[in-house]
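Protein sequences, first through last, are from chains A and B. For the first sequence, my numbering assigns the number 1 to the initial residue and increments by one for each residue that follows. For the second sequence, my numbering assigns the number 1 to the initial residue and increments by one for each residue that follows.
These are computed hints drawn from the structure, not numbers from a lab.
Intra- or inter-copy, both count: the list cannot distinguish identical chains.
Capping the alpha-carbon separation at 30 Å, the derived lysine-lysine pairs in BS3-like fashion look like this: (1) 144 to 86; (2) 86 to 51; (3) 144 to 51.
What follows is each chain in one-letter form.
There are 2 protein chains.
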Amino acid sequence: MLGRTYEGQNCSAARALEVVGERWTLLLLRDSLLRGLTRFGEFQASLGVAKNVLSARLDLLVREGLLTRRRYSEHPDHHEYLPTEKGYDLLPAIVALTRWGDRWAAPNGPPAVFTHAACDNEITQALYCPSCGRPLAAHEVRPKPGPGFARADP
Amino acid sequence: MLGRTYEGQNCSAARALEVVGERWTLLLLRDSLLRGLTRFGEFQASLGVAKNVLSARLDLLVREGLLTRRRYSEHPDHHEYLPTEKGYDLLPAIVALTRWGDRWAAPNGPPAVFTHAACDNEITQALYCPSCGRPLAAHEVRPKPGPGFARADP
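Here chain A stands alone, though its shape is the one from the complex (with noise of 0.2 Å):
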C-alpha cells in the first residue's frame, strides 16, 4: 500500500502525484499509450526495472483505473494491459513532460515527435483563453477558487 503523503493537500495535481507520482509509472503510461505495449515482458524489456516493481506498478494501475488486465491465454495462464479512457485521458500531462524534457534536456533534439496520425504533422500543446482567442505565457494564467475549494476532503 501506498503511503498518501500528500492527502493535506486540496490539489488537483497532488492527487493526480498520488496515482502517477511513483517511479516507472508515467513512463510505464508512455509505452502503454504511445508504443502501444500490452504485455509485462514489453514493458520489462522497455523500461528495464526489476519485475517486482514492474508488477506493483502496473497492479497499481489496474487497481486505480487507467490500465485493464485482461488473459490473452489460458494455458499458460498470460495477461496483457490495455490503457482505459482514464489512462488515455494523462496523454497532455505526458506531451507536456516531454516538451519540457526537449527543450531543457535533450542535447541531441528531442528522441521523439508527436505527430496527428491522420496527416503525419507534428501536433502542438497549449494554453490558450477561448475568450481572447489567443494562446497564453505562462505568466498570464492565474489560479482561482473552483468549486470543491471549500470543501476539503476530510
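Start from chain A and add chain B according to the hints.
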C-alpha cells in the same frame, strides 16, 4: 545525490522526471509558479513537509536551474526562491496534471481553476494539429523518431 535511475531511457519524459519526479518537487513548483510563494517558511506552511526534505528539494531546483536563490536580508541572512524561465516552462505539465486530477480525483469539483489574468476567463489546454486546425483526442496522437532518436546519450 539523486539516483538517476531512468538513465537508460533516451526519452524526454524520463529526463523531465529525473528533475521533477521527486516527491514534493512539482507541488513546490506549483506554489512558486501559481501561488507566488518565495520563502522557505511559506513553502513549509503550504506543504507541511519536513524541513530537511524541503531544503533538499529547493537545493535540487536551484541546482537544476528551475529556481534562483536571492538574498533579501543580510542580518539575519535570509533568501528567497524565484522561478526561472526553465521553471515557468513546467506550467503546462502542472496544468495538465491538475486537469486530470480535476476530472478523475476531485469528488467535490475542482479546488482551483486556471484563468487568463488579463480577462479572468477560464483557460483551456489542448493538443492540436496546426495543419488540420483542430484539437485532437489522445488516440489521434502518435510518436515518431525525432532528431535525437539515434543518438542516445552514453
